[in-house]
Amino acid sequence: MSEQLTTVDGRPLKQALASAERTKRIRAVLLVMPLFIFIFVSFLYPIALMLYRSVENPLIAQHMPKTLATLEDWDGESIPDEETFAALAQDLVKARESREIGKVATRLNFETPGLRSVITGSARSAGRWEPPYKEKFLDRRKEWGELETWATIKRLGPTITTVNYLAAVDRQYNVDGEVVMVGEDYRIYVDLFMRTLWMSVVVTVSCLILGFPIAYMLASLPLRHSNLLMILVLLPFWTSLLVRTTSWIVLLQTQGVLNDLMVWSGIIDDAQRIQLIFNAQGTVIAMTQILLPFMVLPLYSVMKTIPPSYLRAAESLGAHRFLAFWRIYVPNTLPGVGAGCLLVFILAIGYYITPALVGGQDGQMISNMIAFHMQKSLNWGLAAALGGILLVGVIILYWLYNKLVGIDRLKLG
Amino acid sequence: MITKLKITTFVAAGALALGAFAATPASAADSLTVVSWGGAYTKSQVEAYHKPFTKKTGIEILSENYSGGLAEVKAQVEAGSVKWDVVDVELSDAIRGCDEGLLEPIDPSILPPAPDGTPAEKDFIDGAITDCAVASIVWSTIYAYDKKQFKDGGPKTMADFFDLKKFPGKRGMRKTPKANLEMALAADGVPPSEVYDVLSTDAGIDRAFAKLDTIKDSVVWWEAGAQPPQLLADGEVAMTTAYNGRIFNAIAAEGKAFEIVWDAQVFDMDLFVIVKGAPNKKAALDFIAFATDTQRLADQAEWISYGPARKSSEPLIGKHAEAGIEMGPHMPTAADNFKTAIQNDFEFWADRQDELNNRFNSWLAN
Amino acid sequence: MSQISLPDHAGPVETIWHYLYIFICCLVFLFLIAPILVIIPLSFNAEPYFTFTKQMLSLDPDAFSMRWYEDFMNKDIWRASIGNSFFIAFCSTILATTLGTIAALGLSRSEMPMKGLFMGLLISPMIVPLVITAAGIFFFYATVNDYIPLTGTYLGVILAHTVLGTPFVVITVTATLSGFDHSLTRAGAMLGADPTTVFFKIIMPLILPGVISGALFAFVTSFDEVVVVLFIASVEQQTIPRQMWAGIRESISPTILAVATILICISIVLLATVELLRRRSERLRGMSAG
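Chains as they are written, first to last, in the working numbering: chain A, 1 to 413; chain B, 1 to 366; chain C, 1 to 290.
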């Protein structure tokens, strides 16, 4: 006979516990599922398809098959021979007839600026040419005599490519197929990623410093007073981003309200007006104000759940008021601090309209470039690569933050 | 239990309500969706094109606003779910969109000739008709200043804009390489006709950036076209590059003491395009042919100070519809203003836009 | 009893600290509403610029006008936009809050497997740049359009805004729940309450501030969103931000200040009404304030 412990209905206790545990787990998962399925179908799946564009590269393989075939054994050290030029002529003429030549030209132009007009121009002429082609191509555009042109075509042959990710970190392949930095004057994305991160950190810290005191005040005042003050926190929400950004320009520019007030009250001289906007400072001020409610409200809602008796207990046990606050109250607000910082940080990373309007020469953010490539240059592959790096970067930061601060230490579960 | 019941009813009611709103809007063939930039610009189009078109054909025009770029068009075409018919785009977008196969080719033979019989292709200014686009207006990046700030005579040439000693004060410039590089070279003594030849070389690009370097620390960079008139009005800058239409409006309708300097203006066009697979392609073609005829283009110039893309429209331009000012001399295309004009070279920018944009941003940040 | 009032036995350091604290808080509140203090007088500007003219400062009546309010009243499109914006934001907030709160309840349970992963995926709509999200959702809508019409419909915009709004609800509610004592729900259940009752009678009152914060964020996100609207909506779903951004290539019309002022007034009236009702019901229930 087994001496196993059993429940009232005779099942082994271990098994019963395990099954109870499983039921609980299933219940937790079931609660998350409706949202997860919704987000999966209407966001994760479509976005995955968008991000896939960063590695997808079917165009050249599709429209320059003959050229690519002859380039297979190309040594990369001399200009290809007549066979390749003949294949090129066929490919170009065909692509022009099917009106796809522009796409091919644009794709190659992303890699090597200037190739667009080389391709479209040569395609226009190639229809009228008789063999041999090599001379005619070389006469038409000198770029056909450059190794880089051919290396670019060959490199973009495979239908899966890493060039977008390389471009997104200011790198490219050179003629020999090695990964190198792009020219010094053209490096931009790494700096932009860094600047965007840095600005977001500064804005997040500013929001925390300004938000904590007022959230504490709101949470500890009686409701009839705090609710009136809460209106002040919520009011800015009703004015659109454009309106608020514009009014910060009115406030902060050198001929603006703040400078006028300072001149009027004699703090500064009329000739010494301070440049407060159209620089990084202005961006931080405007973004902090815009994002402050996203810090205050989570802090407030967490502070509301902390019983005031905690502090009173600590004080009655003899702790100094400040010490009690620091050791007892502040740790309890950490989930709110975490949530507020998370919201502000992520939102700050994505904001680009405000920095663009008030940031002057420091105003470019990474999202700005993503929007540029989506809307103007139509280089969606590069936009997707930049967006993908941003997404992965933020998720890694979030993961690190959980490891360091700890989901469980925050009692997030 | 009651709570549960309430929730179910609520959810069901919500679902029903949503279902009702999901009904597709009737996309009758007797309407046409025309997408443009909104504000005063769309208003000028509605007055000059949309209203007469509807009156003539009975086709209703749904006017939508967008903020430029082709992202929406690309998405619609690739997804095979096109809802826009005609879009008003800038030249660079017209070229890129056509390259990418996002736009319908437009046969120029559908465009009506000028009243004197000159065929459309000769009547439009150079570059106004491309494979997929027909220009309606010519607009210009000029620079302007507030006369109150320069009492002993203001700047006259592009070189003056870059001369901080002779004309001290902040400058406003658009945060983009386009037009700025051309202006920098013009200020550095390159004749307008040679600007793009110089820019096509690395040395030329270096030269343009070196010129920009001389005023970099005094520049307030603007992003949206609405900003420069505001900067001038506030006295935040002494002079600023801007789009001519808006500055004209500030002078004519708002009584500001602004002055436009036309030297080395960089002019560009806004064009009509048809989205590939547009639901009302036939009506869209009719609309473009109608809107870009001589009289209609002249009419638009009475609502906003942008030049018509047809030469034959020039003499027909009357007075500003609201301010009552003779519009002719304020057009970018007026002879006096046009002498040193630089035409935005779309081939150059289509080739070099991304590269120069990177270089410009890298230059800005360092 | 509030913690903010100064205890009777406070020393000079604490007194100074106390008033300094209140002073700092006042400055922060001032910072928060500074743009609004500028917006309201400027909305009566007679000129189409965002500038305080000399005449305005000397209170010359000619420098002020109602022209931007008239402009607002004369354009049907503005009123339609306000209606649309409220309707879309309201519906998407309800959906986002419901889905987000339920998910947060699951995520905050200690039994939830792979919590970090799920949390990361659920908040990713906040991280992916809007223009990529907008294009992605548009492609998805276009493929299902034959079954459910989603492009150019209210439903499409509402669902897309729901996607954008849920991360806010999930983050704030999970944070609020983290301090939550789960033994309370067990106690409730043992006393015979079914799960729905437990939720509405025990959990809900405690996490309400978090839920309301999340809902507010979701509302504002939808209310001020323009990129997704540009991709998905058609003329019928014209919203306030889309109307505000229109024509920015030419000029920013001070009408947007008039609209902002009107919205501010509406929200003050709304929030004040809510507060008055709350006080009334408090009195009726015989509870003491605070």
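Accuracy of the hints is not assured; some may be wrong.
What the hints assert, rightly or not - Cross-link-like lysine-lysine pairs, in silico, DSS-like; alpha carbons within 25 Å at most: (1) B:K282 / B:K51; (2) C:K201 / B:K151; (3) C:K54 / B:K148; (4) B:K281 / A:K103; (5) A:K376 / B:K178; (6) C:K75 / B:K55; (7) B:K151 / B:K178; (8) B:K147 / B:K43; (9) B:K43 / C:K201; (10) A:K136 / A:K154; (11) A:K103 / B:K178; (12) B:K256 / A:K103; (13) C:K54 / B:K170; (14) B:K178 / B:K51; (15) B:K256 / C:K54; (16) B:K281 / B:K156; (17) A:K94 / B:K339; (18) B:K281 / B:K56; (19) B:K122 / B:K156; (20) B:K170 / B:K122; (21) B:K166 / B:K122; (22) B:K147 / C:K201; (23) A:K136 / A:K94; (24) C:K54 / B:K51; (25) A:K14 / A:K24; (26) A:K66 / A:K24; (27) C:K75 / A:K24; (28) B:K156 / A:K376.
Worth flagging that the hints you see were computed from the coordinates, not collected in a lab.
Right, here's what the structure says about each hint:
no.: 1; hint: B:K282 / B:K51; in the structure: holds, 18 Å
no.: 2; hint: C:K201 / B:K151; in the structure: violated, 75 Å
no.: 3; hint: C:K54 / B:K148; in the structure: holds, 15 Å
no.: 4; hint: B:K281 / A:K103; in the structure: holds, 23 Å
no.: 5; hint: A:K376 / B:K178; in the structure: holds, 13 Å
no.: 6; hint: C:K75 / B:K55; in the structure: holds, 22 Å
no.: 7; hint: B:K151 / B:K178; in the structure: violated, 31 Å
no.: 8; hint: B:K147 / B:K43; in the structure: violated, 29 Å
no.: 9; hint: B:K43 / C:K201; in the structure: violated, 56 Å
no.: 10; hint: A:K136 / A:K154; in the structure: holds, 21 Å
no.: 11; hint: A:K103 / B:K178; in the structure: holds, 23 Å
no.: 12; hint: B:K256 / A:K103; in the structure: violated, 47 Å
no.: 13; hint: C:K54 / B:K170; in the structure: holds, 22 Å
no.: 14; hint: B:K178 / B:K51; in the structure: violated, 34 Å
no.: 15; hint: B:K256 / C:K54; in the structure: holds, 15 Å
no.: 16; hint: B:K281 / B:K156; in the structure: violated, 47 Å
no.: 17; hint: A:K94 / B:K339; in the structure: violated, 43 Å
no.: 18; hint: B:K281 / B:K56; in the structure: holds, 18 Å
no.: 19; hint: B:K122 / B:K156; in the structure: violated, 33 Å
no.: 20; hint: B:K170 / B:K122; in the structure: violated, 43 Å
no.: 21; hint: B:K166 / B:K122; in the structure: violated, 44 Å
no.: 22; hint: B:K147 / C:K201; in the structure: violated, 70 Å
no.: 23; hint: A:K136 / A:K94; in the structure: holds, 18 Å
no.: 24; hint: C:K54 / B:K51; in the structure: violated, 41 Å
no.: 25; hint: A:K14 / A:K24; in the structure: holds, 15 Å
no.: 26; hint: A:K66 / A:K24; in the structure: violated, 61 Å
no.: 27; hint: C:K75 / A:K24; in the structure: violated, 56 Å
no.: 28; hint: B:K156 / A:K376; in the structure: violated, 34 Å
Figure legend: structure checked against the earlier numbered hints; hints not met, in rising order: 2, 7, 8, 9, 12, 14, 16, 17, 19, 20, 21, 22, 24, 26, 27, 28.
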